[in-house]
Amino acid sequence: MPITTTRRRLLAGSAAALALPAFARAQGAIKPRLTAISQWSAGSDGAAITALGKKFEEKGGVWQHSPVPGFTTEMMNKLRAQIMAGDPPACSQLKGPEIAAWSKIAPTVDLDAVVAAAGYEKVVAPDLAKLHKPGGKWIALPLQIYSTNMLFLSKRAMDKAKADKIPVTWAEFNELAEKMKAGGVPYPIANGGTRPDDGQKFEAALAGISPTSYRAAIMNLDKKALEGPEIKAAFVQVRKIADWMDPNVGAQHFSTNLKRFVDGDMGMMIMGGWAQGVLRNAGFKFDDFIIAPGPSDNSKPVFLLNADAFIFWQRKEPDLQAGQRLMAQLVMDPAIQTMYSQITGSIPVRTDVDLSGEGWSDGQRRTAAALKEAIASNQAVLSLAHNMAQENGMTAAIIDVITEYVKNKTIKPEQAVTRLAEAVEGAR
Amino acid sequence: MTIAVSTTPGRPAASEWVRRLPEYLTIWVPLLLSAAHLIAFSLWTIWISFTPSTLVPVSGWVGLRNYSSVAASRNWQIALDNLLLFGSAFVLLSLATGLILAILLDQRIRGENVLRSIFLYPLAVSFVVTGTVWSWLLNPGLGIQKLVRDLGWTSFRFDWLIDRDMAIWTIVIAAIWQSSGFAMALFLAGLRSVDADLIKAAQIDGAGPIRMYRRVILPTLWPITITVIVIQLQFAISTFDLVRALTNGGPGIATQLPALVVYDLMFQRSLLGRGAAAAVLMLLILLAVLLPYAAWRYVQRRRAIHA
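Residue numbers (the working numbering), protein chains in the order written: chain W, 1 to 428; chain A, 1 to 307.
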């Protein structure tokens, strides 16, 4: 569907929202204001939210964004402090099952009317929609989507391996890695050494081997699935990946090695789509690398969903309430989602945005296509490593096992399976 | 101190009390505030450790469940093993380094002031900086190993940072670099305060320098030694920023320490109750060091009074 019609519909929707009596009374006198906190302060993330703020101000609003740099959990500490002090921000970044958990500790805004007016529900992936309406009502809005298991291939490393075929299954992936090694690429896998990095390797392996098993074991924590043969197979694959990584990365961020990746000293990277934004920000060109969906043994793309979202906290001030409504409308707006994703390298939440135009990269188009296909074949699953599948406590317990396994090569895959099951039991 | 001008001995006049008000205020208000802070928050943490709190504090009673789940976790067990190794290695080695530096500096050498500043300087650097700098130096692909290899010794290996059995020693190295200057300063003060007559007497009796240190000077240093041990031990137990910057508990979870586990539980995993339980356990470990020290100090003082 072209953007113009949806935008017209959206305008009609916002007009409907304006017609709400309480709002109509407020409209004349009140200038919408929004207090927001997020972790996005620098790089493409910072640029994107600043651009969103500009749009908010263009619509006559007062934009008060306080970024908390660092990991998401550090932003959460600020959020927790503000909630406990009885002064939550009008809107904050939050995602995945944390939306449900946090909505229990402070009242949130019911967004059903605004969402219905925009006709938003029809254009959001069902699994994703569920996360944002924990009690059956919309209280949070997803903003952009990343896949955490995109496969980045270094063109120079491919040349060294004399390969031009993008691997589709894990077997092909392993074959290519061997070829790269033989062709003089010292480390066929580029990586960082942080916890989410290790977690991503495991989730990509398991979901690529069997999305059904991933759903049962990781998303539903099914005891039998957790001890199933697919888990062991995933650990075996993770060990292979670990053997191809540079052991010297220690606890470094993945972006430290991007240059070596582009230069062809490292061959492949399993990373979220955000790496595209980081690569571009670092001055590399689209010709330097290829982006494809992560390996999947049944050859249909598997999409590990990671979606950033905003949750809206109840405030009594009329200007903040007006600001919340304006923000909700902006976040759902296809033009805004387009602007945002083009800055960060993500793809829009709306499945009806057309990515064929200018400003989109091949990687983004491929990601969006993979999402559509994955939803159709029920292979769009929620990312563990990026806190979409489980709450923080459970996620951390599982990643403990994975990160130890990646770094300690004396742990056998069978042992890792047992430890994983134990860790899940301990954290329940 | 001013000379008290009081008309009735034993009971200061009201004007006197008013005049000393600023003194009382400057001493007692901050003291009471910080004591209240410390005690109130410690009690609050102890209370939270018995509740089912997760994202935010809630009331309720779960008994010792938080404690048993912390004690049973791999993270905590690894942290305790590491603490034992790190604590003893760090205290002993920083003591030894500090003492050797102090003895060498005590030889009335030229440029003593400059050297003393150099050795003390790391103490002025924040642990985060120390950790970050050492994480670069010790990284095999960037730091010392690469340097030596580039110089021509290509088989040289120094990859403790990424070796999960040896990684804890990198923290020992960085911690010693940071704080042996502090031990040195205390020891140096101790060495300088040794009674000159004692040294003269020993010299007259024909004691050589080694014998002099072993038999005469070092024995007078042992109260300082105990003070240094206690201060370094409480530092070791509460080490947080250094590890976070240097290894962040890695590789994997090989260099976990109790303070990291507390932070992780409370703020990364949002398990306030368990985090509080881990914090209380840490407090108990600290008390196990500090209470005997306080008792020892008490006995010392009593002895000094009675002597």
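FYI, nobody ran anything at the bench for these hints, they're computed from the structure.
Check before you lean on any hint, since a few could be wrong.
[What the hints assert, rightly or not] Below, computed lysine-lysine pairings styled on DSBU-like, alpha-carbon distance capped at 30 Å: (1) W/K179 / W/K165; (2) A/K146 / W/K409; (3) W/K223 / W/K104; (4) A/K146 / W/K240; (5) W/K259 / W/K223; (6) W/K55 / W/K285; (7) A/K146 / W/K181; (8) W/K240 / W/K31; (9) W/K104 / W/K155; (10) W/K223 / W/K160; (11) W/K155 / A/K146; (12) W/K259 / A/K200; (13) W/K162 / W/K31; (14) W/K31 / W/K137; (15) A/K146 / W/K160; (16) W/K179 / A/K146; (17) W/K162 / W/K179; (18) W/K55 / W/K155; (19) W/K155 / W/K412; (20) W/K300 / W/K122; (21) W/K122 / W/K59.
[Said to hold, decoys possible] Covered stretches of chain W, going by a simulated chain A footprint (3 or more residues, C-beta under 8 Å): (22) 78–87; (23) 317–325; (24) 397–406.
[As the list claims (entries may be wrong)] Quick partial rundown of chain W residues pointing at chain A, CB under 7 Å, derived from the structure: (25) I105; (26) P107; (27) H253.
Computed from a prediction, not measured in an experiment: that's the story for all the values here.
Idealized CB from N, CA, C, for every residue including glycine.
Tell me, which hint numbers fail for this structure?
Of the numbered hints given earlier, those the structure breaks are 5, 8, 9, 10, 12, 13, 18, 19, 23, 26 and 27, listed in rising order.
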